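There are 4 protein chains.
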Amino acid sequence: MFRLSSVRARIYQLLEPTAWPHPGLSPVNRIISVVILAATATAVIESEPTIHSGREWAFSIAELLFTSIFILEYVVRLWVAGEDARYQGFLGRLRYAVTPAAIIDLLSVSPLLLTFLGTEAFLLRLFRLLRILRVARLGRFSRAFDAITTALHSRRYELIMSVGVAAMLLLVSSTVLYMIEGQAQPDTFGSIPRTMWWSIATLTTVGYGDVYPTTALGQFFAGVTAITGIGLIAMPTGILAAAFSDALQMQRTANSVERISSEDT
Amino acid sequence: MFRLSSVRARIYQLLEPTAWPHPGLSPVNRIISVVILAATATAVIESEPTIHSGREWAFSIAELLFTSIFILEYVVRLWVAGEDARYQGFLGRLRYAVTPAAIIDLLSVSPLLLTFLGTEAFLLRLFRLLRILRVARLGRFSRAFDAITTALHSRRYELIMSVGVAAMLLLVSSTVLYMIEGQAQPDTFGSIPRTMWWSIATLTTVGYGDVYPTTALGQFFAGVTAITGIGLIAMPTGILAAAFSDALQMQRTANSVERISSEDT
Amino acid sequence: MFRLSSVRARIYQLLEPTAWPHPGLSPVNRIISVVILAATATAVIESEPTIHSGREWAFSIAELLFTSIFILEYVVRLWVAGEDARYQGFLGRLRYAVTPAAIIDLLSVSPLLLTFLGTEAFLLRLFRLLRILRVARLGRFSRAFDAITTALHSRRYELIMSVGVAAMLLLVSSTVLYMIEGQAQPDTFGSIPRTMWWSIATLTTVGYGDVYPTTALGQFFAGVTAITGIGLIAMPTGILAAAFSDALQMQRTANSVERISSEDT
Amino acid sequence: MFRLSSVRARIYQLLEPTAWPHPGLSPVNRIISVVILAATATAVIESEPTIHSGREWAFSIAELLFTSIFILEYVVRLWVAGEDARYQGFLGRLRYAVTPAAIIDLLSVSPLLLTFLGTEAFLLRLFRLLRILRVARLGRFSRAFDAITTALHSRRYELIMSVGVAAMLLLVSSTVLYMIEGQAQPDTFGSIPRTMWWSIATLTTVGYGDVYPTTALGQFFAGVTAITGIGLIAMPTGILAAAFSDALQMQRTANSVERISSEDT
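Protein sequences, first through last, are from chains A, W, C and H.
Taking my numbering, the leading residue of the first sequence gets 44, the next gets one more, and so forth.
Taking my numbering, the leading residue of the second sequence gets 44, the next gets one more, and so forth.
Taking my numbering, the leading residue of the third sequence gets 44, the next gets one more, and so forth.
Taking my numbering, the leading residue of the fourth sequence gets 44, the next gets one more, and so forth.
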């Protein structure tokens, strides 16, 4: 006997990562992941004029194909959402439609619709990559993802403070170099905001080399800034290393406490 | 019944971060923080000629406004300082006026005064940003600030030693490159102090690219210097990571010791 | 009485690092290590035209010599492989010949053979360096090697995730800069793939300086990208630091648990 | 009663850091440290032609003065070395004279002597800075120095292995880029040794920008190299962070074990 509800339950399992009973991703979600990557890669390549020109029709077909798949997926997801007790009935579906995940799904469909309306929908097409986060929610990566976010979250104030210290260093070094080099190179060091371009390239140790001080005093303070920049890298790295180490330790301590408890009895 | 002393106590609570009974910053201190940021941003933007020229009056008004607020704040802070037992009476106020926090407050008022005297008070205006440290002393960031300063302080000798090692590497690499490249590029490698500009850009991995060795031997030693530079970044980062990790461990150990003690009884 | 089998056992000991009863490498493996390094160095130097031209015969002789040694070694290894129970008899030798180590050994012999056939065997010659991994398997470095691979392996999902985050940042920053700078510098920012060259140089803080944004908005987002790049360095560094720290901890805990156990009894 | 031996004992205390009974450095060693720094700074400044020319006599006098002090110090150290049981008598003094510390002291005196012989003694003059290591042996920095060297020593195999991995990456990336870019830019990518200059600048993230690939394929592999370079920085940093963390942990564990032991009894 054919039962629509059992079909829905089966599709729900295939589409919803948390409902998949086996380890890893379901075959359907694997295919969707590949389609998302392909759609993003196409959008990236399409921006290159030497590739795009003369092949406009091919990119249009690909776009149509990708969007069709995403529309189909969106509709099916909306239908099977009823398997979840929270999203049953018409009102439940509405509630589902305004979840962040569903909105991202909807936005990933919109580029083609917007193109018909003559609007530039370029950015939205890249936006699709965000959907990979949703599809790839499960599997062995979710624990790694949790570990990273936990570590980042537990040390958020220290990290924000590092950004604050970096901002102050940026301001101080820009001001000092502006005062020293402003006369010699007015185009690039002629104001604090202009000097910030040099300052940020030095503090992050990127050092493009399009702008650099030429006076002896300017070079001295540039050296001080560059050395300070090392500290700027060392600080968040040290904080993150400690946070990750701490997260590992917590797991280990929890395990060893259990082991000791069981040994005691 | 209107009581001046109770008004003073109330204002003291609003101005002094440590006296504020609620978590976070008081509304008054939040406003002052915003004013400090605005005053600093104005000073930064003012340095850009294309923005400044033709709007001198606007910047003058802004400066007058900011300074008026800071003068008012300074006078009020001096008045309410009497709430603190240490700063009561006229002598107490004098004692308050020479605390570092009060001197910073006074300096942040001085730019306008100095401008009237015809002196360039540019730097003092940026100096105001330091005041944010005072105002933002409380709140959830103070624990993060404590954690960072504790970590830095506990490892200060190792960090100073890293700077010493860096200074020696700078001297050695500058000397070696000066001897190798000095003949080929006398303008940039013609003396040890001149070579230091290249050396610091390489050791910090900034690498502007305005100066670089061109002889094969020079490039070989430049490569050695660049690799040494990685060690130069790794050392303080490793020390800081260990220090932060240590600080976390100490908190954890303190907690777990308490827990074990309570479990034993 | 001369016994071929005892000679084979002796040679096996000298050639197979795990069979060598003394600490460190056997004299034969030390010589082979030196030959591998010499063969690799010769291949590197040979690529330099100013050194190669006029000395073609010398490099040919060296190549012939190195390959002869490697052929001899390969044949001897094949012969003595019979000491291992798994590789006895003709079928056992075939099984040995398809192990990754034996294939690398065979490939390191092939450059000369391929040269006779008129094929460019340049890459294969450098491939020989891989053999050093096999020869140097034992000794004090094997523990260090184990520690590093254990640490990398235990945190592989976090590290892969870091690469994923890096890829997303690369995509986002390339897209943003392409949209901002694409008009001003079409040659270097005229498409997302083109902009990626700038983007990767900035995120890794290499900063060649051949390409950089020139508009104010472009420089602002370039600064944001550069700062994000620091996080990109800090994340894997922090993960690795925690993983190494964890590996050390585990050894230490194992030791201290043993010590505590023995103290208890 | 004047006793020469008690004078020698007193001078020994002042000169030998380990014999000084008070914390920190003795007044004499402080003065010597300053003289060493001054002598080094003079040698650095002297290399700058714009400072040196016209002031040759001043630098000659300074050199004479510094060397006189160092000769005096050397002779006195040789005399008072007898306070140490190992260095008593004439043979003991000879034994003292060949210790590394004494040889460094002697070398720091030699520049002037060599100058009289008409030899360029420039390098030897900078060599004096090494003496600071000897003088500054004691004080609070010695513990920090011990902590750093212990950490570096305990992880020496991992660090050497990092260098080995770096060398392999350098070879691989140089070979790949040489094969891709060799035709397009023969001057800078025309051989593996030439390409190494670019390769090392990229792997260390210095990125001078004097050399960079221009073909699309070359830029792709350059990007891969740059990302690998981040791993190259992360690895030793992680190892060092773990080593420093481990050293701290060991101290802490030692302390807590003592505390627990005393609580148990």
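Because the hints were derived from the structure by calculation, they are not lab data.
From a predicted model like this one, the values you see are computed outputs, not experimental measurements.
Think of the CB as a built atom: it goes at the ideal place given N, C-alpha and C, for glycine as much as any other residue.
A hint or two may mislead.
To be verified - Derived Cβ-Cβ restraints for the label pairs, each shown as a range: (1) C:207 <-> W:230: 44 to 50 Å; (2) W:92 <-> H:97: 38 to 44 Å; (3) W:267 <-> H:196: 20 to 26 Å; (4) A:199 <-> W:203: 28 to 34 Å; (5) H:114 <-> W:230: 35 to 41 Å; (6) C:108 <-> H:227: 32 to 38 Å; (7) A:141 <-> W:91: 42 to 48 Å; (8) C:207 <-> W:49: 23 to 29 Å; (9) A:94 <-> C:104: 46 to 52 Å; (10) W:146 <-> A:129: 56 to 62 Å.
Unchecked claim - Okay, the calculated bits of chain A under chain W, using three or more residues with CB under 8 Å as the criterion: (11) 64-75; (12) 129-141; (13) 250-257; (14) 278-285.
Verification of the supplied hints:
1. C:207 <-> W:230: 44 to 50 Å: At 46 Å between Cβs, range holds.
2. W:92 <-> H:97: 38 to 44 Å: The hinted range 38 to 44 Å holds for residue 92 of chain W and residue 97 of chain H, with Cβ atoms some 41 Å apart.
3. W:267 <-> H:196: 20 to 26 Å: holds, 22 Å
4. A:199 <-> W:203: 28 to 34 Å: holds, 29 Å
5. H:114 <-> W:230: 35 to 41 Å: holds, 38 Å
6. C:108 <-> H:227: 32 to 38 Å: Holds: the Cβ-Cβ distance is about 34 Å, inside 32 to 38 Å.
7. A:141 <-> W:91: 42 to 48 Å: holds, 44 Å
8. C:207 <-> W:49: 23 to 29 Å: violated, 60 Å
9. A:94 <-> C:104: 46 to 52 Å: Holds: the Cβ-Cβ distance is about 49 Å, inside 46 to 52 Å.
10. W:146 <-> A:129: 56 to 62 Å: holds, 60 Å
11. 64-75: It is violated, with 0 qualifying residues against the three required.
12. 129-141: violated (count 0)
13. 250-257: Check passed, 4 qualifying residues.
14. 278-285: holds (count 6)
Checked against the numbered hints given earlier, the structure breaks hints 8, 11, 12 and satisfies all the rest.
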